[in-house]
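Novice: Sequence:
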Amino acid sequence: MHRSPLPPLSLATALALALALGACPPPEPPPEPVAGPRVESPGLGIALASVPPPFAVAANEGGRLELTAPGPGGEGRAVFAAGPLESGGINLVEAVKAKKAEFEETPGATYFGNRELGTPIGTAFTARATLPGPEGEVEQTWVFAIHPGENRVLTLTYTYPTGESQERVEQLMALFGEVEGLAPPQG
Numbered sequence: 419m420h421r422s423p424l425p426p427l428s429l430a431t432a433l434a435l436a437l438a439l440g441a442c443p444p445p446e447p448p449p450e451p452v453a454g455p456r457v458e459s460p461g462l463g464i465a466l467a468s469v470p471p472p473f474a475v476a477a478n479e480g481g482r483l484e485l486t487a488p489g490p491g492g493e494g495r496a497v498f499a500a501g502p503l504e505s506g507g508i509n510l511v512e513a514v515k516a517k518k519a520e521f522e523e524t525p526g527a528t529y530f531g532n533r534e535l536g537t538p539i540g541t542a543f544t545a546r547a548t549l550p551g552p553e554g555e556v557e558q559t560w561v562f563a564i565h566p567g568e569n570r571v572l573t574l575t576y577t578y579p580t581g582e583s584q585e586r587v588e589q590l591m592a593l594f595g596e597v598e599g600l601a602p603p604q605g
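First residue of the sequence shown? That's 419 in the numbering used here, and the numbers climb one at a time after it.
One or more of the hints may lead you astray.
Lysine to any residue pairs mimicking SDA-like chemistry, simulated, CA-CA at most 25 Å apart [said to hold, decoys possible]: (1) LYS515 to ARG482; (2) LYS518 to GLY540; (3) LYS515 to PRO455; (4) LYS518 to GLY507; (5) LYS515 to ARG456; (6) LYS515 to GLY540; (7) LYS515 to PRO488; (8) LYS515 to ILE564; (9) LYS515 to THR541; (10) LYS515 to ALA527; (11) LYS518 to GLY551; (12) LYS515 to GLY501; (13) LYS518 to THR537; (14) LYS515 to GLY489; (15) LYS518 to THR528; (16) LYS518 to PRO471; (17) LYS515 to PRO490; (18) LYS515 to THR577.
Hints are computed from structural coordinates only; laboratory data are not their basis. Source: prediction; values computed, not measured.
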């Protein structure tokens, strides 16, 4: 016969323990992430519904919206820009092919490929590479999409230290997920 090294609990002790455990409140859920501020860029014709952490707006002038994000290897920089208005259709695949060719022609650059994404503003494509930078090698991810309010290409370029691509691409996707079109100014 196998004997337990622990003495048996009395009925009163077991009942008290059960009541004590049942009286403990359930653990509190983790706090919801605090939504960042809404940022509008009339020059680009877009808004960010909420600036997701860890981003902070560094510049918002004319046709340029720039954000920064700290990281283990240094600061990342995300820049939104919009191409010229187009009179015909926009071919995002050709835009990615042109960026690929640019990466491949850059001495010291390594092209990693591209992906197709489904985003709140429609289909987008990425291109990613490492590039020589003034302070060493950096990684750069480009996102190409059709502008949500006009017939032109909207790009988001995120430059960050190499070796952080998984975390940084997740940040980039969260940031791009906040993009919405602004109504054109009434004149």
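Novice: Now tell me, hint by hint, if it's right for this structure.
Specialist: Hint check:
1. For the hint pairing LYS515 with ARG482, the CA-to-CA distance comes to about 23 Å; that is within 25 Å, so the pair holds.
2. The suggested pairing of LYS518 with GLY540 holds, with an alpha-carbon distance near 22 Å, which does not exceed 25 Å.
3. For the hint linking LYS515 to PRO455, the alpha-carbon distance of about 35 Å lies beyond 25 Å, and the restraint is violated.
4. Annotation: proposed proximity of LYS518 to GLY507 holds, straight-line Cα distance about 21 Å (limit 25 Å).
5. Proposed proximity of LYS515 and ARG456 is contradicted: the alpha carbons are some 33 Å apart, above 25 Å.
6. Between LYS515 and GLY540 the CA atoms are separated by roughly 19 Å; this keeps the pair inside 25 Å, and the hint holds.
7. For a cut-off of 25 Å, the pair hint linking LYS515 to PRO488 is broken: about 30 Å separates their Cα positions.
8. For the given pair, LYS515 sits about 16 Å from ILE564 by alpha-carbon distance, which is consistent with the 25 Å threshold.
9. About 16 Å separates the Cα atoms of LYS515 and THR541, which keeps this hinted pair within 25 Å; it holds.
10. Of the supplied pair hints, the one linking LYS515 and ALA527 holds, its CA atoms being roughly 15 Å apart against a limit of 25 Å.
11. Distance hint between LYS518 and GLY551 is fulfilled; the C-alpha atoms sit about 18 Å from each other, no more than 25 Å.
12. The suggested pairing of LYS515 with GLY501 holds, with an alpha-carbon distance near 16 Å, which does not exceed 25 Å.
13. Distance check on the hinted pair: LYS518 and THR537 sit about 21 Å apart at the alpha-carbon level, within 25 Å; holds.
14. Note on LYS515 and GLY489: the hinted pairing is violated, with a Cα-Cα distance of about 29 Å set against a maximum of 25 Å.
15. For the hint pairing LYS518 with THR528, the CA-to-CA distance comes to about 10 Å; that is within 25 Å, so the pair holds.
16. For a cut-off of 25 Å, the pair hint linking LYS518 to PRO471 is broken: about 29 Å separates their Cα positions.
17. Between LYS515 and PRO490 the alpha-carbon distance is near 31 Å, which puts this suggested pair outside the 25 Å criterion.
18. Restraint check for LYS515 and THR577: satisfied, since their Cα atoms lie roughly 19 Å apart, inside the 25 Å limit.
The structure does not agree with the numbered hints 3, 5, 7, 14, 16 and 17 stated previously, though it agrees with the rest.
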